[in-house]
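There are 2 protein chains.
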Amino acid sequence: MSNVFVFGHKNPDTDSICSAISYAYLKNEIGMQAEPIRLGELNNETLYALEKFAFEQPRLVERVSEEVSQVILVDHNERQQSAEDIGDVQVIEVIDHHRIANFETTDPLYFRAEPVGCTTTILLKLFKENGVEIPANIAGLMLSAIISDSLLFKSPTCTPQDIAAARELAEIAKVDAEEYGLAMLKAGADLSNKTLEDLMSLDSKEFEAGDHRFEVAQVNAIDVNDVITRQKELEVLMQQIIAEKGLDLFAFVVTDILNNNSVAIVLGRRADIIEGAFKSSVVDNRVLLPGVVSRKKQIVPVITEALS
Amino acid sequence: MSNVFVFGHKNPDTDSICSAISYAYLKNEIGMQAEPIRLGELNNETLYALEKFAFEQPRLVERVSEEVSQVILVDHNERQQSAEDIGDVQVIEVIDHHRIANFETTDPLYFRAEPVGCTTTILLKLFKENGVEIPANIAGLMLSAIISDSLLFKSPTCTPQDIAAARELAEIAKVDAEEYGLAMLKAGADLSNKTLEDLMSLDSKEFEAGDHRFEVAQVNAIDVNDVITRQKELEVLMQQIIAEKGLDLFAFVVTDILNNNSVAIVLGRRADIIEGAFKSSVVDNRVLLPGVVSRKKQIVPVITEALS
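Chains A and B, in that order, give the protein sequences.
To convert, note that position 263 of the first sequence is 263 in the working numbering; the numbers rise steadily by one, no gaps.
To convert, note that position 34 of the second sequence is 1034 in the working numbering; the numbers rise steadily by one, no gaps.
If you're looking for bench data, these hints aren't it; they were derived computationally from the structure.
Beta carbons are placed, not taken as given, at the ideal position from N, Cα and C, and that holds for glycine.
Be aware that one or more of the hints could be misleading.
As the list claims (entries may be wrong) - Below, simulated DSSO-like cross-link-like pairs (lysine-lysine); rule was C-alpha separation at most 27 Å, straight line:
id : chain 1 : residue 1 : chain 2 : residue 2
1  : A       : K52       : A       : K125
2  : A       : K154      : A       : K186
3  : A       : K128      : B       : K1128
4  : B       : K1125     : A       : K125
5  : A       : K125      : A       : K10
6  : A       : K125      : B       : K1128
7  : A       : K128      : B       : K1125
8  : B       : K1297     : B       : K1174
9  : B       : K1296     : B       : K1154
10 : A       : K194      : A       : K125
11 : B       : K1186     : B       : K1174
12 : A       : K194      : A       : K232
Claimed, not checked - Only part of the chain B face toward chain A is listed, based on derived beta-carbon distances under 7 Å:
id : residue
13 : F1127
14 : P1160
15 : Q1161
16 : E1235
As the list claims (entries may be wrong) - DEER-style ranges, computed between Cβ atoms:
id : chain 1 : residue 1 : chain 2 : residue 2 : range
17 : B       : T1229     : A       : R63       : 48 to 58 Å
18 : B       : K1245     : A       : D284      : 46 to 56 Å
19 : B       : L1196     : A       : L60       : 57 to 67 Å
20 : B       : E1179     : A       : Y110      : 25 to 35 Å
21 : B       : P1290     : A       : A136      : 53 to 63 Å
22 : B       : T1229     : A       : S308      : 43 to 53 Å
23 : A       : N130      : B       : A1136     : 23 to 33 Å
24 : B       : Q1240     : A       : I163      : 54 to 64 Å
25 : A       : R63       : B       : E1062     : 26 to 36 Å
26 : A       : D190      : B       : E1305     : 47 to 57 Å
Using the sequences and the accompanying hints, generate a full structural model.
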């Protein structure tokens, strides 16, 4: 029986899942009864990483407060990205690498956020600080998270610390980071078994900026046209989500992982800000974003600024 | 010319000032042009510590955005406790040991909060992580902060980490922690040169809980009656502050640093919650709080819970 759940954000990506498993492992090694869980379905990339390093999927938990009273958040801190009932449990730790917003506690806690490219880069420090050795398979997961978040070290979010951490972890895991990384990214960009609804929710995050609410969904692709040719059908789904959630803006971003560019479909009553914010023409609700691959560094701050 | 200001909260206490000086020193050692500043007048305890270790007062800055565009916060994160124009600058780092609330950024940052008794306990780790040696006089300041925040290790906020850090710092600073610490606390509890207005603002912090705003002022005393005999005059000032700031509750706490108890004067339209929250009778707007010395751990969470 676990006392503490460790989990990443809704619509979990590779970092959220691998960080939860790795940090729960560390916590158990130093005496806490911690269980990694997930808040949603896994994408193909994460499934590829789990299979490669022989891990089961963490258990899906919808209402965390029914089982535990204390939780540890990894890879997120914003309330709307967390468990629905996050307000009913005590957050005792946060390990993250995102902006801080919509987070509040009544008591002091351990909150460690660093402006690096991946949560597991911070976890590597915590393993060392706690004097806990990293098993090869955990190192493999941690490496997978860095490769995923940094698009194989090409994203502007990738820091020298992430590269150094990946090198160290690849050695422990005994894998070739480049070769394994490209295979993992390609597995994630294989959208052939995905419905349009899947694409929409695979890696989608909601944000607030002043009184505005916006959402940015992102999918990686080898050929962006595989997705963009279905724009009209996607727009119907996007309009539904906008209406359901009362969003002011919804950006659906398709990122070309080989050439490091993105195309976004933008809808919502404040989609008017996109052209000015990104200095790129919106034609037929679509905008080209050359060199843009990072939601965190190149999309969310730009939209937040424009909406504030 | 400094590029970055480092500062603690308004109505600065010893931790806020000593952390700002110590962390700015560390930052300069690793190549940042950082200057410690203060947001208000210093108390007698902090002045005693600065004099003991031969430091000047940091410069008082009212509007930080007129001089820098980037700042580092120590010993606080809540907006209403920070510089008035905090919204006009970029917070690039936070080192703190309080609850997290009313803090938001558009970009990722280095945010390190730990549930320990003092900010300088965290700073000691950062000196080590950065491989920077701590000079004796800086160690003295860091020790002073721990003694102040922990009331010479007697506060329930004091953790084994704080005690270990203090021992290490006392050795570097070459002082006897107990002897120096008691002298410093007594200097701080000397209220003879303080006006009633001084007492009110010396160490006062504002908080939000749901839609409520409350403030908790705290003074240390050798004899609480020195302060409590002036209750009627204090109440007049408190009512003024309640009206000016639109507070729902104002608690003025006098802490007996030798016996580790407190007496509080409580006013405001929600003062009705005090009796139930602290399970102690309020008589003539005054409540005895046996064993209560920590605003952070024993007062603010209790009031927050009761108001929420």
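Taking the hints in turn, this is what the structure says about them:
With a C-alpha separation of about 24 Å, the suggested pair A/K52 and A/K125 falls inside the 27 Å cut-off, and the hint holds. Of the supplied pair hints, the one linking A/K154 and A/K186 holds, its CA atoms being roughly 15 Å apart against a limit of 27 Å. Distance hint between A/K128 and B/K1128 is fulfilled; the C-alpha atoms sit about 13 Å from each other, no more than 27 Å. For the hint pairing B/K1125 with A/K125, the CA-to-CA distance comes to about 13 Å; that is within 27 Å, so the pair holds.
A C-alpha spacing of about 25 Å is found between A/K125 and A/K10, which places the hinted pair at or below 27 Å, so the restraint holds. Note on A/K125 and B/K1128: the hinted pairing holds, with a Cα-Cα distance of about 13 Å set against a maximum of 27 Å. A threshold of 27 Å between alpha carbons decides the hint, and for A/K128 with B/K1125 the separation of about 13 Å falls inside it, so the pair holds. For the given pair, B/K1297 sits about 31 Å from B/K1174 by alpha-carbon distance, which is inconsistent with the 27 Å threshold.
For the suggested pair B/K1296 and B/K1154, the alpha carbons sit about 14 Å apart, so the restraint of at most 27 Å is met. Taking the CA atoms of A/K194 and A/K125, the gap is near 36 Å; set against the 27 Å cutoff, the hint is violated. Our distance criterion of 27 Å between C-alpha atoms is met by B/K1186 and B/K1174, whose separation comes to about 20 Å. Among the hinted pairs, A/K194 with A/K232 is consistent with the structure: their alpha-carbon atoms are about 17 Å apart, no more than 27 Å.
Here the hint on B/F1127 is broken, as its CB sits about 14 Å from the closest CB of chain A, past 7 Å. A cut of 7 Å between beta carbons decides the hint on B/P1160: the least distance to chain A is about 15 Å, and the hint is violated. With a least beta-carbon distance of about 11 Å to chain A, the hint placing B/Q1161 at the interface is violated under the 7 Å criterion. The criterion of a C-beta within 7 Å of any C-beta in chain A is not met by B/E1235, whose closest approach is roughly 28 Å, and the hint is violated.
Distance hint check for B/T1229 and A/R63: the Cβ-Cβ separation is about 54 Å, which falls inside the suggested range of 48 to 58 Å. At about 53 Å, the beta-carbon gap between B/K1245 and A/D284 stays in the expected band of 46 to 56 Å. Between B/L1196 and A/L60 the Cβ separation comes to about 59 Å, which falls inside the hinted range of 57 to 67 Å. For B/E1179 paired with A/Y110, a C-beta distance near 33 Å keeps the hint of 25 to 35 Å intact.
Taken as a hint, the range 53 to 63 Å holds for the pair B/P1290 and A/A136, whose Cβ atoms sit roughly 55 Å apart. For B/T1229 and A/S308, the Cβ-Cβ distance of about 51 Å falls inside the hinted range of 43 to 53 Å, so the restraint holds. Distance hint check: the CB atoms of A/N130 and B/A1136 are about 30 Å apart, consistent with the given range 23 to 33 Å. At about 58 Å, the CB distance of B/Q1240 to A/I163 agrees with the hint of 54 to 64 Å.
Here the CB-CB span from A/R63 to B/E1062 is close to 48 Å, at odds with the stated 26 to 36 Å. The given range of 47 to 57 Å is respected by A/D190 and B/E1305, whose C-beta atoms sit roughly 50 Å from each other.
Violated hints, listed in ascending order, are 8, 10, 13, 14, 15, 16, 25; each of the other numbered hints is respected by the structure.
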